[in-house]
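Q: Here's the letter readout for the chains.
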Amino acid sequence: MTGAPDLNGALNGDLNGDLNRDLNGASSRLFSIRTEADVMEVARGARQLAERLGFSQVHAYHLAIATSELATNLAVYAGGGTVRLCVLDDTEQSARIGIELSVEDQGPGIPDLALAMTEGYSTGARLGCGLPGASRLMDEFSIDSSTQQGTRIRAVKWRQPAPERRSPQGPPHE
Amino acid sequence: MKIPILRLGRLLLVSIQEDLTDNEAMQFQSDLVNKVAEIEALGVAVDITALDVVDSYMARVINDTASMVRLLGAEVVICGVQPFVAMTLIEMGRDLIGADCTFNLDQGLEQLKTRIASRGDIRFAGDEDE
Chain X
1 MTGAPDLNGA LNGDLNGDLN RDLNGASSRL FSIRTEADVM EVARGARQLA
51 ERLGFSQVHA YHLAIATSEL ATNLAVYAGG GTVRLCVLDD TEQSARIGIE
101 LSVEDQGPGI PDLALAMTEG YSTGARLGCG LPGASRLMDE FSIDSSTQQG
151 TRIRAVKWRQ PAPERRSPQG PPHE
Chain D
1 MKIPILRLGR LLLVSIQEDL TDNEAMQFQS DLVNKVAEIE ALGVAVDITA
51 LDVVDSYMAR VINDTASMVR LLGAEVVICG VQPFVAMTLI EMGRDLIGAD
101 CTFNLDQGLE QLKTRIASRG DIRFAGDEDE
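Chains as they are written, first to last, in UniProt numbering: chain X, 1 to 174; chain D, 1 to 130.
Incorrect hints may appear among the rest.
Example chain D residues on the side facing chain X (calculated, C-beta under 10 Å, incomplete) [as the list claims (entries may be wrong)]:
{"no.": "1", "residue": "ASP19"}
{"no.": "2", "residue": "ASP22"}
{"no.": "3", "residue": "ALA50"}
{"no.": "4", "residue": "VAL53"}
{"no.": "5", "residue": "TYR57"}
{"no.": "6", "residue": "MET58"}
{"no.": "7", "residue": "SER67"}
{"no.": "8", "residue": "MET68"}
{"no.": "9", "residue": "VAL81"}
{"no.": "10", "residue": "GLN82"}
{"no.": "11", "residue": "LEU89"}
{"no.": "12", "residue": "GLY93"}
{"no.": "13", "residue": "ASP106"}
For the record, the hints were derived by calculation from the structure and aren't laboratory data.
Note that CB positions come from ideal geometry on N, CA and C, so glycine has one too.
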């Protein structure tokens, strides 16, 4: 934890969230997304958390927008779902801190993932850059979707200096 | 939340300061387009300096609104795109904002006036009072 900002304080802070600790001791906060107001709240929460952890303004904003894009998908396409913001404290090994975004829904699933990750493809009246855009804004991005179990997305933004721009298990979008 | 549309001669000024829901965005678009038609506005400046979250949806709303205003025959300019907003929109990867932009409202108004003058619009006389 050397030199790291107070992680619990960062999560608690203005967020007033019920701070939970999972098995690894990581702090996280769960947002339930149904409406557009929920989307704004989680995007704001992500940004505040990132700024409090010492992310640069641009990277905090990247995280907020990626969060907004993914949460919007929940509200618009999936009939609601959850977003979990989780602080990854890796300071002992590699001196890095990240924020993990876990997005889950029980919605209809995405029939063709490769197509959904394609620039400009949208089934709705949208720009079609939500998923590919969000993946580009994050350092790591993986998505798993089935028509039975809905969609699961895990994405990570590392506090700079970032290790690799893209993780090997990233989506096949480039 | 209703977005105020301010009139300055034959120009309209709009400042979007809060995230809009889908409904509010649609309301804003139709309010603005109707207002432009009603006063036959020559130019519209949309200021987004204070807008916190410009995601692909907001970018689309801004872009569509600009296109609609242009279709009616008015000039349009987007003012105050913040550096981190610009970096994020480009990182997301498409031409999310296609309209002309200026640093601030001041320059936006100047540019509108220049453009209106250069298209030879005799209806516009700078600081006219109607």
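Q: All hints are to be evaluated individually against the structure, with a verdict given for each.
A: Verification of the hints:
Against a cut-off of 10 Å between C-beta atoms, the interface hint on ASP19(D) holds, since the closest Cβ of chain X lies about 5 Å away. Given hint, ASP22(D) at the interface with chain X, holds; its Cβ is 6 Å from that chain's nearest Cβ, closer than 10 Å. Given hint, ALA50(D) at the interface with chain X, is violated; its Cβ is 14 Å from that chain's nearest Cβ, farther than 10 Å. About 5 Å separates the beta-carbon of VAL53(D) from the nearest beta-carbon of chain X, less than 10 Å, and the hint is met.
For the restraint placing TYR57(D) at the interface with chain X, the shortest Cβ-Cβ distance is roughly 6 Å, inside the 10 Å limit, so the hint holds. Of the supplied interface hints, the one on MET58(D) holds, with its beta-carbon coming within about 9 Å of a beta-carbon of chain X, less than 10 Å. With a cut of 10 Å, the hint placing SER67(D) at the interface with chain X is violated, because the nearest CB-to-CB distance is about 13 Å. With 10 Å as the threshold, the beta carbon of MET68(D) stays out of range of chain X, its nearest partner Cβ sitting at about 15 Å, so the hint is violated.
Below 10 Å, beta-carbon pairs count as interface contacts, and VAL81(D) has none with chain X, the closest being about 12 Å; its hint is therefore violated. Interface restraint check for GLN82(D): the shortest CB-CB distance to chain X comes to about 9 Å, inside 10 Å, so the restraint holds. Taking 10 Å as the C-beta cut-off, the interface hint given for LEU89(D) holds, the closest approach to chain X being about 8 Å. Given the 10 Å rule on beta carbons, the hint for GLY93(D) holds: about 6 Å separates it from the nearest Cβ of chain X.
Look at ASP106(D): its Cβ only gets to about 24 Å from chain X, farther than 10 Å, so that hint breaks.
Comparing the model with each earlier hint shows violations of hints 3, 7, 8, 9 and 13; every other hint is respected.
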